[in-house]
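Dock the two chains into a complex; use the hints.
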Amino acid sequence: MKADKMSNNTNSATSASSAVSEIVLTVNGISRLPKASPSTRLLDYLREELKLTGTKEGCGEGECGACMVLLDGKAVNSCLVLLGQCNGREVTTIEGIDAPELFRAFEETGAVQCGFCTPGFVVSAYALLQKNPHPATVEIKEALSGNLCRCTGYKKIVEAVEMAVKSKA
Amino acid sequence: MSDSAKHGFKYVGQSVVRVDAADKVRGAAKYINDIEFPGLLIGYTIRSSRQRARIVRMHIPALPPGVTFVTADDIPGENYVALFKKDQPLLAKDVVNYIGEPIALLAGPDGDLLPELAAQVRIEYEDLPAISSMEEALSDQLPPIYGADNVFKSYAYVKGEPDAALAQSEFILEETFRTGYQEQAYLETQGVVAFPYRHGVKIVGSMQCPFYIQKGLAPALKLDPHDIVVEQAVTGGAFGGKEEFPSLIAGHAALLALKSGRPVKITYDRHEDISVTTKRHPSQSMRRIGFDKNFHITAMDIDFILNGGAHSTLSEVVLARGALSAPGVYRCDNIRLLARAVATDQLPSGAFRGFGAPQAFFGIESQINHAAYRLKIDPYTLRKKNILRLGNRTATGQLLKESLGLEKALDIVAERTDFMKKYRQYQNQPKNGQKLKGIGLAAFFHGCGFTGKGEELIKATASVDYSNETGALIKIATVDMGQGMNTVMRQIAADALALPMERVKVNVPNTAEVPNSGPTVASRTTMIVGGLVFQCCNDLLGQVGASAGKHDFVEKAKLANDNILTATRDYRVPDDVVWDDDKFIGDAYPIYSWAAAVVEVVIDPLTFEVTVEKITAAHDIGKAINPVLVEGQIEGGSLQGLGYASIEVMTETNGRLNQASFTDYIIPTTLDTPEMETIILEETYSRGPFGAKGVGEQPLVGIPPAYVGAVENALGVEFHEIPLTPEIIHRKINSPQSAQRTRR
Numbered sequence: 011m012k013a014d015k016m017s018n019n020t021n022s023a024t025s026a027s028s029a030v031s032e033i034v035l036t037v038n039g040i041s042r043l044p045k046a047s048p049s050t051r052l053l054d055y056l057r058e059e060l061k062l063t064g065t066k067e068g069c070g071e072g073e074c075g076a077c078m079v080l081l082d083g084k085a086v087n088s089c090l091v092l093l094g095q096c097n098g099r100e101v102t103t104i105e106g107i108d109a110p111e112l113f114r115a116f117e118e119t120g121a122v123q124c125g126f127c128t129p130g131f132v133v134s135a136y137a138l139l140q141k142n143p144h145p146a147t148v149e150i151k152e153a154l155s156g157n158l159c160r161c162t163g164y165k166k167i168v169e170a171v172e173m174a175v176k177s178k179a
Numbered sequence: 002m003s004d005s006a007k008h009g010f011k012y013v014g015q016s017v018v019r020v021d022a023a024d025k026v027r028g029a030a031k032y033i034n035d036i037e038f039p040g041l042l043i044g045y046t047i048r049s050s051r052q053r054a055r056i057v058r059m060h061i062p063a064l065p066p067g068v069t070f071v072t073a074d075d076i077p078g079e080n081y082v083a084l085f086k087k088d089q090p091l092l093a094k095d096v097v098n099y100i101g102e103p104i105a106l107l108a109g110p111d112g113d114l115l116p117e118l119a120a121q122v123r124i125e126y127e128d129l130p131a132i133s134s135m136e137e138a139l140s141d142q143l144p145p146i147y148g149a150d151n152v153f154k155s156y157a158y159v160k161g162e163p164d165a166a167l168a169q170s171e172f173i174l175e176e177t178f179r180t181g182y183q184e185q186a187y188l189e190t191q192g193v194v195a196f197p198y199r200h201g202v203k204i205v206g207s208m209q210c211p212f213y214i215q216k217g218l219a220p221a222l223k224l225d226p227h228d229i230v231v232e233q234a235v236t237g238g239a240f241g242g243k244e245e246f247p248s249l250i251a252g253h254a255a256l257l258a259l260k261s262g263r264p265v266k267i268t269y270d271r272h273e274d275i276s277v278t279t280k281r282h283p284s285q286s287m288r289r290i291g292f293d294k295n296f297h298i299t300a301m302d303i304d305f306i307l308n309g310g311a312h313s314t315l316s317e318v319v320l321a322r323g324a325l326s327a328p329g330v331y332r333c334d335n336i337r338l339l340a341r342a343v344a345t346d347q348l349p350s351g352a353f354r355g356f357g358a359p360q361a362f363f364g365i366e367s368q369i370n371h372a373a374y375r376l377k378i379d380p381y382t383l384r385k386k387n388i389l390r391l392g393n394r395t396a397t398g399q400l401l402k403e404s405l406g407l408e409k410a411l412d413i414v415a416e417r418t419d420f421m422k423k424y425r426q427y428q429n430q431p432k433n434g435q436k437l438k439g440i441g442l443a444a445f446f447h448g449c450g451f452t453g454k455g456e457e458l459i460k461a462t463a464s465v466d467y468s469n470e471t472g473a474l475i476k477i478a479t480v481d482m483g484q485g486m487n488t489v490m491r492q493i494a495a496d497a498l499a500l501p502m503e504r505v506k507v508n509v510p511n512t513a514e515v516p517n518s519g520p521t522v523a524s525r526t527t528m529i530v531g532g533l534v535f536q537c538c539n540d541l542l543g544q545v546g547a548s549a550g551k552h553d554f555v556e557k558a559k560l561a562n563d564n565i566l567t568a569t570r571d572y573r574v575p576d577d578v579v580w581d582d583d584k585f586i587g588d589a590y591p592i593y594s595w596a597a598a599v600v601e602v603v604i605d606p607l608t609f610e611v612t613v614e615k616i617t618a619a620h621d622i623g624k625a626i627n628p629v630l631v632e633g634q635i636e637g638g639s640l641q642g643l644g645y646a647s648i649e650v651m652t653e654t655n656g657r658l659n660q661a662s663f664t665d666y667i668i669p670t671t672l673d674t675p676e677m678e679t680i681i682l683e684e685t686y687s688r689g690p691f692g693a694k695g696v697g698e699q700p701l702v703g704i705p706p707a708y709v710g711a712v713e714n715a716l717g718v719e720f721h722e723i724p725l726t727p728e729i730i731h732r733k734i735n736s737p738q739s740a741q742r743t744r745r
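Protein chains in written order, with our numbering: chain P, 11 to 179; chain G, 2 to 745.
Here are some of the chain P residues that sit facing chain G, going by a computed Cβ distance under 7 Å:
1) C69
2) G70
3) F113
4) F116
5) E117
6) G120
7) G125
8) T128
9) K151
10) S155
11) C161
12) K165
Just so you know, the hints here were simulated from the structure itself, not pulled from any lab data.
Even glycine gets a Cβ: it sits at the ideal position worked out from N, Cα and C.
Chain G on its own, in the form it takes in the complex (with noise of 0.2 Å):
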């Protein structure tokens, strides 16, 4: 389908106006907060003030009626929350690995009353050594939380020879990067409620997956999967903190409801959202990369560690995509990969768009800004000399066939910035104490869907109804959470119909009535799920005798019977795509999306405050479904990139962290955001839906590295780590060996 375009297409490549956004604007669209319950009682958890402690007791006071106490004593199954491993409880019994692991829950009519009667529950506690930091958990010192050394998952490859590789190298670069946690702040906290249903019990909430909930609680609540039913709300942002997240929070609110016979309702304000829930890995990466003397990259060595925190929870599959984009979107044959998820007696880090991959090429794109400026060559010719094209194997030797709109997105970001013109003139302007430019630039891909095996494990199905009364009808567990999901669904299906968009609607995401097609995770939604509808479309039209140019669906289907017609599509992983976890060779995934993008900042000489002035990003996205709404992602996800690059700080201290609020972690507001220019550039994918690829995530992968590339070439200084402050700036142009790394 990837000549779509030129068939003119109704809704598909047009941007139809959201279905969502009418009620959204006026207040009216129902967020789980908004929802009436009759009899509904509001949960509280109460949580481990102890970084690492057996828990020896726990006194509970006397309860006054109508309140519901739960311990892990309550839970009718296995104490595990269901997802890779079994290592995280829902509830703690003997043992607390992170301040804020949930140990016992209440509930009562009256939520303000709740906090008191916490307080009364004295829990005793034998204090344990803590582990506190990646470097403690690898170090043998101390107790492992998990397993024998402390890794939750640990990848490692060699590819060709890198050791003789660098040793033969004109030029050798090893350096350490350094990034930190990320809160996803979504504007809507945390929230669900779980009431008993039938043979087990139903819950309703903000999320990302139904069905991961619904596997996820089935052993601890010994139930039958199907007694669990899962039907998502709509969703005020999530970001990848409301795909295994809620999992948890949902356990606790099914234990109340089921202890109870109530409805329960538990929702985080923002101090316990913050506080409590999952953020992005902080990470570490010890890179040495090589050059020939015609500038083409010759090996890389990498030591890519993520901090889990306590719990397993993605951190395996965070791991295996920030491994996958370690490399970059270079050629190289020479390469050395250990990759290792940790434990630390800290908040357990999860989901967060990009999965490992901002991490990863925060190191690889700054690496190479670096190797660009001491080989006093420019950082787009660097580039230029070494990106993957057509016909090129990745670093995992995958055969790059079609749809690699790199170059393109390259190029264009940097004629239309004028990028080479101003990096030179930025890196001799005269430091005099006006203001300084700066310029920078990073190229990066996103993997379309779910890392190696993923698609394979989880096996989405898809299917949609048609009846001649009521139109098409969508069947799939795919939310939308604010990225337009359920818009982009009715484009699709809506021209594979050749039906009016009115005729077409989307079944609330309920795990009792819709299939499995995944999680809403992985940038997977559109070319995956958005796939399959189609398929189920074209299926449709092939019951009925209709044909796809002649747009004689309607008729056809009216001539065909009354009744109800049915197309169900299973996801198929392609013959051509194989993948080997254990090697780590071969198709990491179906196809990438590729992007560039250039930062512009102006830094106050003085003070080091940085101001962004615009953001310039293209991006290969395939087909653009709606390009509004794709602009919509560009924009939020780079914003979201350089909250990460710049002012999102948050640190801990023994385990707690010390930023719980909006006021005291920062995300940008429309005075700290810049002008913005997205370049959507169309590489059809032949196996995505009207050549689509995704989106969602890669908008955030590349711009801390362009950013602090930008800072770097107005102050003609190496930084490597982010967020980069002006507090880090300062300490690093000012301390004593900063002679020797300015850049003169």
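Bound conformation, chain P alone (with noise of 0.2 Å):
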């Protein structure tokens, strides 16, 4: 919906002369000049504009973790950051992912029932294996416990997080 709005005043999100708003960040490993204010939370920002809709919306205050991106590869709410916080930063969303052995874990322990808040998961779980290759348990439910899944029981989920741990090593 913001996108809508500042469509009219801009030309090419690629033309870096003609933006509008003068942030520059980088989304999954490309350059984007967006179009959208920088008063536009990054979540809405990367589902309207950038069409990267595997990033979700669950609560829209930070509580649920199913809009979870990576900032500088750290594990963000993007709910809870606007555009303007981004100029100059790295954006990674479970589309720009590549973590084949985490993927696989999460299906194959059955850590996936609705789905709703698994890309959240999967980018959270992504963060502590670049920051700790080898969580202890208890340091995978610490890093998970601010993304909510309310049909697992996280049991699954926390296993997955060790299957890809153990299929790294």
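Written out as structure tokens, the structure reads:
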């Protein structure tokens, strides 16, 4: 919606000279000049302007983690980040995460049910494993405690991360 | 097919990876908010700010071009959402009966502008005296909301001679139990898109029951049901919350779409979703139970009340399941039961996993735990003396003929947790400021499929097509909302036809393309719908002269012809399953799943903070078609049950909920989750596909009494309500009466 409002004011997202905002950010390795205003939530920019719909909105207030993305490698709730805060920074969404062993582990352990929370969990798990390739179970639980899942009871999600750790080793 | 295990099927009994996992993990699955609709308008709902009032008049501001406004006057047909009764309006016209009741709708291209516009719609009310509690609903002091007595539905029956049996009992326990609201808290909020389509409207959205929406909206939209085409989008959790509620929001989107001629999307943000969608019915159970000197139950007298809120929704069937669960898993020849669902000026209550059973089982199982303590016998042994066994009859007189894993479940959880030893040990642990340990037990069942005549009324139909070119196509209206239905159905059909699973597909649940296999509810999907799919596959074998044992379907089908083969089956209630709904007698369900659970806790004696260390749960669910999916149901359901029992506090003040976000309505996170050990018991059911029964709801049902039992074991104090918070524990321990109630 916010992207629509701005769409009359600008030409091409790739043309630096004509961009309305002076924000430049990298999303999944591609440099972007957003049409959306700096006050747009990062979540809305990703979903509406870039059509990266793997990032979900579950609560809009940073409680559920369904909108988790990496901002300079750190897992953040994209509903709490404004586009203006992303200038010069690197955003990675679920679509930009290359972690076959993590994907496979989530599939095979049964960590996925309705799937709405799943991309957020994968992003949080990926951020953890980048920082700490061999986390203890308690560290996994801690790292995933900002993500809510109502289906699984979390057991298989934690097992999935443990399995990914083992398969990488 | 109960000996399926011996046949070594390729898929059934295997933890096949779910077919939708790869897309979901990568964020590629398209939920309703991820799908693009050209020319889409956004819809917004204008709601009552009053608990109970007459709508005197509505002032409508000048509307900008392109904005559509809808009130009850725009409803082409009759103003109600069709379900059991006709009492719920699609949009309130003259009166409102709860805060948040929909009154008018807006749609426009820029959704961000709609709240400001809505704020300019001024509604004048004349307040009426509101009914704010179950007690007020039954008090005769206020004008009724529903009927003459405010009772949506009641069931009453007497079996044997409860008064005489109680009078002769050695020991009687009389207690009142209360349970609160629970929010489904599916991670994907409610959302639908409606657009004009052929002679009517098409609805796509997040839902459990496509045909409920079609049937629910036909009278209001004044359309032939076939002109309302409903299709499920990938659904991000439901738990009952997307059983009946989507009919209301789909109706709103449809009204806006038909008036504007454009596609209209209504999605709720979390605040709106929590504030206005249905919840688990709050309940009150006044119970008396008697025992003889041998610790056998002599009689039960149960008065069970559910708070239905302002409209009847599914309350009558929730009530039926609650009433049937209220006597628990025990033999008892003398029962008086009165069960009522009452109307209040509060949010309509509705379906939620367990459907009345969690409320009822909290009462009976807590009471058994309390009786055990008072009778100085342990809760395991007291249950063993009273549980239903093969050849016994249930409270409604149903003869239990097969597939009854209750005793096994009870034995295995007691053994794995060393229950009896810990129970005694914790009962006698010193209260010297050290952390206190506790262990609690519950035994429970869940009737599989619809209650009573439900399956007879729905007449579920499924069909399976087969073509040599594309393989098998399962056509059912049953949805995958996360439980894994799509995978389980493919496993069933693939093994029944001896096909590779890749050669079996499931049609998108779309009312124009699939027969009505009924709603995705009541733990009926695998057993009832899976059973129909299995029968369809057998019919296909027969059509080409193939046989199950020979694995020759593909060859025989090639020889048969190049056309599409089709088999269709309607569910027939077996002749020996007989239920009388008026007398509340007979076979309430075709079969039951059975379970026992143990919860172990540690309590801080200063703050009364309860840490759950472990849940051990054993579930007899017949054949587990996909064990990992079954474990997922047990683990997820157990945790929802634990949340319901402990931290999920939802309260209201004069009809307004005090919680409206995940900040104040807390659901368990990884750090609140205990170790969970799940044990699957497979007492196969002769009429289930490969021996399967139901599993979806049962895991939640018995956790609250096991949790409360564990807290009681640790503290030596009895409790009668959930959620049982540290504040309630503190109040009880420090209340003046606690001295006499404290167990010594």
